[in-house]
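Visitor: Okay, here's what each chain looks like letter by letter:
Protein chains: 2
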Amino acid sequence: MSEALKVAVAGLGTVGVGTVELLRAQAALIEARCGRPIVVTDVSARDRDRDRGVDLSTVRWHDDAVAMARDAEVDVVVELIGGAEGTAKAVCETAVRSGKHLVTANKALLARHGFALAQAAETAGVTLSYEAAVAGGIPVIKALREGLAGNVVNRVYGILNGTCNYVLTTMRETGRDFDDVLLEAQALGYAESDPSFDIDGVDAAHKLAILTSVAFGTRVALDAVHVEGIRHVSALDIQFARELGYRIKLLGIARRTHVGIEQRVHPCMVPLDTPIAQVEGVTNAVVAEGDFVGSTVFEGPGAGAGPTASAVASDLIDLARGARIPAFSVACDALQELTPSPMSAHSGAYYLRLMVIDRPGVFAAGASALGEEHVSIESVLQRGRDPDEVVPVVMVTHETEEQAMIRAMERIAEHPAVIEPPRLIRIEAL
Amino acid sequence: MSEALKVAVAGLGTVGVGTVELLRAQAALIEARCGRPIVVTDVSARDRDRDRGVDLSTVRWHDDAVAMARDAEVDVVVELIGGAEGTAKAVCETAVRSGKHLVTANKALLARHGFALAQAAETAGVTLSYEAAVAGGIPVIKALREGLAGNVVNRVYGILNGTCNYVLTTMRETGRDFDDVLLEAQALGYAESDPSFDIDGVDAAHKLAILTSVAFGTRVALDAVHVEGIRHVSALDIQFARELGYRIKLLGIARRTHVGIEQRVHPCMVPLDTPIAQVEGVTNAVVAEGDFVGSTVFEGPGAGAGPTASAVASDLIDLARGARIPAFSVACDALQELTPSPMSAHSGAYYLRLMVIDRPGVFAAGASALGEEHVSIESVLQRGRDPDEVVPVVMVTHETEEQAMIRAMERIAEHPAVIEPPRLIRIEAL
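These protein sequence lines map, in sequence, to chains A and B. Here the first sequence stands for residues 0 to 429, where the numbers follow numbering that gives the first Met the number 0. Here the second sequence stands for residues 0 to 429, where the numbers follow numbering that gives the first Met the number 0.
It should be emphasised that the hints constitute simulated quantities derived from the structure, not laboratory data. Even glycine gets a Cβ: it sits at the ideal position worked out from N, Cα and C. The reader is advised that the hints may include incorrect statements.
Said to hold, decoys possible - Partial pick of chain B residues on the chain A-facing surface, computed with a CB cut under 8 Å:
no.: 1; residue: 26
no.: 2; residue: 28
no.: 3; residue: 29
no.: 4; residue: 66
no.: 5; residue: 146
no.: 6; residue: 271
no.: 7; residue: 294
no.: 8; residue: 306
no.: 9; residue: 330
As the list claims (entries may be wrong) - If you want the ones that stay clear, here's a sample from chain A, every Cβ over 12 Å from chain B, calculated:
no.: 10; residue: 97
no.: 11; residue: 145
no.: 12; residue: 227
no.: 13; residue: 322
no.: 14; residue: 386
no.: 15; residue: 401
no.: 16; residue: 402
What the hints assert, rightly or not - Coverage of chain A stretches by chain B, computed from C-beta distances (three or more under 8 Å per stretch; other residues unrestricted):
no.: 17; stretch: 29 to 36
no.: 18; stretch: 133 to 140
Construct all of the structure, not just a fragment, from the sequences and the given hints.
Guide: Structure below.
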């Protein structure tokens with residue numbers, strides 16, 4: 000029997016404990032699959048005395064995770080602390096610099112420092128793996144880096160945040176409004192007490208920036224991601240989406256345009272008969288479109304101890320089997336600087352909802368503002384008629400330029416009968 | 000730059016030509032991803048003079064594929080001839096025996112001889128890869144062998160044959176009957192002139208037997224697969240399925256039972272709100288359920304030159320990168336003999352459709368036959384009432400044993416008012 004792959008785990012939250020549990024529960028299976036055991040020999044966390052429901056008596060405890068990353072006699076450091084800076088970053092950098100392979104689930108860190116970390120790993124001759132950082136238990140990094148590696152990817156997109164998808168799904172199923180459903184999601188543990196990281200699209204943007212790098216062979220470029228969250232999606236919009244044959248999803252989308260690579264996270268109207276429209280609740284999904292393979296869909300649990308531990312374990316199994324794949328699919332010097340394709344260059348169809356005082360001429364004013372910007376209207380929906388009361392009016396456009404749409408919307412917003420900021424949701428052609 | 004991975008391609012049908020084209024079109028991309036080029040240096044096919052639309056002037060031509068597998072100075076032989084025996088088998092065996100890695104898309108061969116071939120490869124110290132053999136372009140072998148390798152899989156199932164799914168989808172969308180839609184599928188090239196290989200579930204059984212081996216760590220056991228095709232699915236059944244909230248899909252299902260491993264291919268009623276129910280047309284999908292990860296879904300094109308070439312290329316890229324994964328996830332001596340869980344031990348809910356002459360007492364007779372076998376009825380549907388005419392009657396059962404259901408059905412078939420063989424479709428709890 001070959002020597003064990005020795006692993007140090009930094010961070011013993013639910014994912015860290017789940018990883019230790021998985022590696023123990025599946026020890027025989029993993030040994031059969033790798034031809035050698037994978038053993039956790041060292042751990043580090045903040046509070047040694049906390050009962051984590053897992054026996055740590057046989058592993059070396061380190062109070063200082065960074066010192067562990069430097070000194071522990073292990074082959075791999077698994078970083079499960081989280082956060083783009085501070086201890087997590089120091090652990091990752093130290094592990095790599097000390098000649099240890101690094102497995103991390105830390106999307107915030109990779110989105111900020113992924114390229115530098117990959118360079119450091121390459122220099123040190125070690126491997127950086129992060130299957131758990133994107134879409135939880137779905138092996139989508141592996142799919143892009145290896146399974147679809149014979150393809151030029153033209154677009155990759157997905158539901159990358161389970162909290163947002165849960166909120167949007169529940170809003171649709173119950174007709175309730177955003178704030179109400181968010182409170183429930185917090186009570187159920189699907190959303191953090193400070194939900195902005197999820198709800199405002201930041202988490203999805205981190206994951207998208209990583210996916211983009213792997214899919215397109217470009218350096219991670221988080222700052223080039225256009226980010227909008229789901230706070231402004233109302234029950235009314237969800238109702239209109241249904242009437243129009245769409246579902247509203249928060250998507251992360253990266254695609255090749257004639258300008259460069261477009262990266263955006265925002266609520267989208269997606270046609271009801273597409274696979275992505277059917278992905279509900281906390282489930283994640285990623286669609287990758289390759290030039291030879293066509294469209295492939297990967298769906299599964301995007302978070303939680305079990306799924307995340309499963310992804311971490313797959314990285315460790317790869318290492319134990321001797322696989323050495325470049326972090327972002329190609330060597331660092333082959334990763335190209337990403338040329339951003341800005342939102343101003345975006346074009347697509349739009350859903351525009353106005354809240355207007357129902358009086359003669361209002362609709363014509365909206366339509367003419369669109370017309371003046373050469374935006375052509377595909378359909379109009381109006382919920383009831385109630386003179387001098389506030390009613391919603393929805394206009395769906397044909398494909399048009401984002402710039403023109405924004406200008407038209409600003410013009411419409413100035414009309415005295417338009418009593419709320421107009422709401423715009425992009426319609427995604429999938 | 001490292002040395003090129005040299006490849007010989009045996010078989011230049013659409014997939015063989017597609018593979019040659021992909022490797023050429025993506026040469027730069029692949030070299031960046033592997034750190035070395037992948038080059039087709041040798042090919043073999045039946046007719047040298049046929050114009051295949053691809054320039055073969057720079058590769059060595061072999062009239063004898065087996066001789067090529069033995070003599071060509073290559074690292075890998077790609078077998079794309081097809082068929083469980085004959086030349087394809089000889090090419091595979093010869094390649095491996097001659098110390099060359101083997102990549103094949105040949106599901107029939109793997110379903111029959113996969114274990115022996117894996118043993119031969121292991122003995123020779125070479126790798127056997129076959130991503131293209133199951134679910135075309137979807138990297139599902141990689142997902143099971145690597146991405147989900149930290150899990151005990153309890154069930155794996157999927158839509159493994161695009162022809163059947165196309166026929167069933169079209170029947171549902173148009174209300175037309177099986178024979179009619181099959182003719183159309185043949186005209187469109189989605190079904191062979193002899194369609195039985197697809198339509199009778201044989202192709203899906205091959206793929207399922209391979210998936211089972213990878214997922215459960217058992218030796219390929221094709222003979223243990225229970226196989227039924229879709230010939231008996233009628234437009235009427237599809238209509239009733241809709242009323243009951245189901246879609247009819249031909250699924251391949253492998254799962255752990257208290258007896259052993261159950262493997263079956265047959266038409267299933269699947270709940271409309273499951274991901275698999277939404278997979279339409281020629282698309283394939285595989286669902287893998289792991290103990291840590293939960294349920295993951297992989298969906299995409301299951302056939303065609305581009306998707307299949309994409310899968311072949313991913314195997315070659317793995318080889319070029321130095322990955323060496325055991326063919327069925329564990330070394331051959333760790334692969335266990337599969338203990339079949341027979342259909343007689345199966346239990347589930349059933350849809351039973353009778354064509355009866357509408358006269359008093361007929362329904363009671365059916366219900367009492369079920370009752371005598373302790374099969375409890377969940378619901379009954381009857382299309383119209385037309386005394387002394389033939390009408391369909393549908394009974395949906397609660398979960399029951401297959402044995403009891405078969406006995407009840409045989410008893411019902413004997414009733415003089417039942418004028419066609421009763422049709423039974425299993426309802427799958429997903």
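Visitor: Now tell me, hint by hint, if it's right for this structure.
Guide: Hint by hint, here is what the structure shows:
With its C-beta approaching chain A no nearer than about 11 Å, residue 26 of chain B sits outside the 8 Å limit, and its interface hint is violated. The beta carbon of residue 28 of chain B comes within 6 Å of a beta carbon in chain A, closer than 8 Å, and the hint placing it at the interface holds. For residue 29 of chain B, the shortest C-beta to C-beta distance to chain A is roughly 7 Å, which falls under 8 Å, so the interface hint holds. Annotation: interface hint on residue 66 of chain B violated; nearest CB of chain A at approximately 28 Å, more than 8 Å.
Here the hint on residue 146 of chain B is kept, as its CB sits about 3 Å from the closest CB of chain A, short of 8 Å. At its closest, the beta carbon of residue 271 of chain B sits 10 Å from a beta carbon of chain A; the interface hint therefore is violated under the 8 Å criterion. Nearest Cβ of chain A to the Cβ of residue 294 of chain B: about 6 Å, under the 8 Å cut. The hint holds. Satisfaction of the interface hint for residue 306 of chain B is found here, the shortest Cβ-Cβ separation to chain A being roughly 5 Å, below the 8 Å cut-off.
A hinted interface residue such as residue 330 of chain B counts as satisfied when its beta carbon comes closer than 8 Å to some beta carbon of chain A; here the least separation is about 7 Å, so the hint holds. Residue placement check: residue 97 of chain A keeps its beta carbon more than 12 Å from all beta carbons of chain B (closest about 24 Å). Non-interface call for residue 145 of chain A relative to chain B: violated, since the shortest CB-CB distance, roughly 6 Å, does not exceed 12 Å. With a least CB separation of 27 Å from chain B, residue 227 of chain A remains clear of the 12 Å interface cut-off, as annotated.
For residue 322 of chain A, the condition that its CB be more than 12 Å from all CB atoms of chain B is violated, with the nearest at approximately 5 Å. For residue 386 of chain A, the non-interface assignment is confirmed: its Cβ lies about 42 Å from the closest Cβ of chain B, beyond the 12 Å cut-off. Its beta-carbon lying about 30 Å from the closest one in chain B, residue 401 of chain A satisfies the requirement of being farther than 12 Å from that chain. With a least CB separation of 33 Å from chain B, residue 402 of chain A remains clear of the 12 Å interface cut-off, as annotated.
With 4 residues having a beta carbon nearer than 8 Å to a beta carbon of chain B, the stretch 29 to 36 of chain A meets the requirement of three or more and the stated coverage holds. Remark: the stretch 133 to 140 of chain A is confirmed as covered by chain B, as 3 of its residues place a Cβ nearer than 8 Å to a Cβ of that chain, reaching the required three.
Checked against the numbered hints given earlier, the structure breaks hints 1, 4, 6, 11, 13 and satisfies all the rest.
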